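J.: Now for the letters of each chain:
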Amino acid sequence: MRALIIDDSRAMRTILRGILVSLDFDVVEAADGRQAVGILTEDHDFDLALVDWNLPEMSGLEIVTEVRKNPRLASLPLLMVTTETEFERVAQALQAGANEYIMKPFDRGMLLDKLVMLGIPVETKKA
Amino acid sequence: MKKETHGIQFPEPIDGSDFDYIRDLVKDHTSIALDNSKVYLVNARLLPVARDAGIESVVALIRHLRSRPFGDLHYRTVEAIVTTETSFFRDFFPFEALRQEVIPEIIAEQRGGSRSLTIWSAGCSSGQEPYSIAMILREAFPQLATWSTRILASDVSRAMLEKSKAGVYSQTEINRGLPASLLVKYFRQNQTSWTLNDEVRNMVSFFHHNLTRDLPVLPPVDILAMRNVLIYFDVETKRLVLDRIRRYLRPGGLLILGTAETTLNLDERFERVRFGRAVFYRVRNSETR
Chain A
1 MRALIIDDSR AMRTILRGIL VSLDFDVVEA ADGRQAVGIL TEDHDFDLAL
51 VDWNLPEMSG LEIVTEVRKN PRLASLPLLM VTTETEFERV AQALQAGANE
101 YIMKPFDRGM LLDKLVMLGI PVETKKA
Chain B
1 MKKETHGIQF PEPIDGSDFD YIRDLVKDHT SIALDNSKVY LVNARLLPVA
51 RDAGIESVVA LIRHLRSRPF GDLHYRTVEA IVTTETSFFR DFFPFEALRQ
101 EVIPEIIAEQ RGGSRSLTIW SAGCSSGQEP YSIAMILREA FPQLATWSTR
151 ILASDVSRAM LEKSKAGVYS QTEINRGLPA SLLVKYFRQN QTSWTLNDEV
201 RNMVSFFHHN LTRDLPVLPP VDILAMRNVL IYFDVETKRL VLDRIRRYLR
251 PGGLLILGTA ETTLNLDERF ERVRFGRAVF YRVRNSETR
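Protein chains in written order, with our numbering: chain A, 1 to 127; chain B, 1 to 289.
Read the hints as simulated data drawn from the structure, not as lab findings. Nothing here was measured: the structure is a model prediction, and the numbers come from that model. Watch out, some of these pointers could steer you wrong.
As the list claims (entries may be wrong) - Looking from chain A toward chain B, a few residues come up when the C-beta cut is under 8 Å (computed):
1. 100
2. 106
3. 110
4. 113
5. 116
6. 117
Virtual Cβ for every residue (Gly too), placed ideally from N, Cα, C.
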């Protein structure tokens, strides 16, 4: 399986990469919104995208909106991973087409739960 | 008195007779058997209790408890040790089994019959399990609105029951296992906490219950979730509890245990039944009462 991690924090990308690699994902990283949309437009072979909200160039919400406009990406599971914790933000993200939402800080178990909700087969071995 | 090593403070160890006292206190009030490997757990759970009571250490708290008759602080000590963590839709697959197979089967069987459904979450801790079930019923089975549907939830801890009834959860708690679509549909935010709406809260009836002592009068139960409760009991108590709760189940009723629990070698009147990736336990025919 392949995942795209979209986050401007190198530390957060490293944490997410560590978890996903332990689940046998191949991981690609993007540090800003425009780069992320560029990758997703060119490469339709992802099983999951993890999307931060506050990013340079383009927000996570804009990324979700752009992705859902593309029929070839209509079924790509989108998981928001963000410090935005307001009710309205969660509702906005779902409205725009995000499938799930996790608030930072989170732990490995919480992320695994979200992947299971997205129908991604993960072995729930706890690190 | 604390030992200090390279600037790191270690708590004073709980010695044999202090640990024995705590073990007996917990056993007497909950039937939960703590073995010696639980010293760290006792330390971790009792530190906040000691701090709240203005007592400097866990050992000082235990000495304080030992010198007095059973009172509120003893009660809080027992509760702090036996309270377990839970989460919304914990382990995911048992809830999928309820939604996709078990509840549709019950509805199909009873369509022309009594049209009643009783689910009991025994050892519900902070309430996420019965509320997860309530949200499943609300989301997937609107036809149950005309049925006699009850979700009962019990715990040995009065503090946990109060928390459950309030339906107020932290960001960490709603981050764990709760689908975002249900969060925005059934919760409202109050700064850093999230409160479950009355529509779901009112679906669950909470009551205080000690599984080893109390025999409440309840309607026949279709689905009994008692997850991560048996693991705390010794073998004899596990058998006693299984024997008691079996009598509450309707013929063909299902018991849901934690992933590390089983009825195997404890009570042969239950049989394992697999639903997708979940395993439940059904009372064998003619063994309900």
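J.: Confirm or reject each hint.
T.: Going through the hints against the structure:
1. With a least beta-carbon distance of about 5 Å to chain B, the hint placing residue 100(A) at the interface is held under the 8 Å criterion.
2. Among the interface hints, the one on residue 106(A) holds; its C-beta lies about 6 Å from the nearest C-beta in chain B, closer than the 8 Å criterion.
3. For residue 110(A), the shortest C-beta to C-beta distance to chain B is roughly 5 Å, which falls under 8 Å, so the interface hint holds.
4. Using the Cβ-Cβ criterion of 8 Å, the hint placing residue 113(A) at the interface with chain B is satisfied: the shortest such distance is roughly 5 Å.
5. Here the hint on residue 116(A) is kept, as its CB sits about 5 Å from the closest CB of chain B, short of 8 Å.
6. At a threshold of 8 Å, the smallest CB-CB gap from residue 117(A) to chain B is about 6 Å, leaving the interface hint in force.
When held up to the earlier numbered hints, the structure conflicts with none and fits them all.
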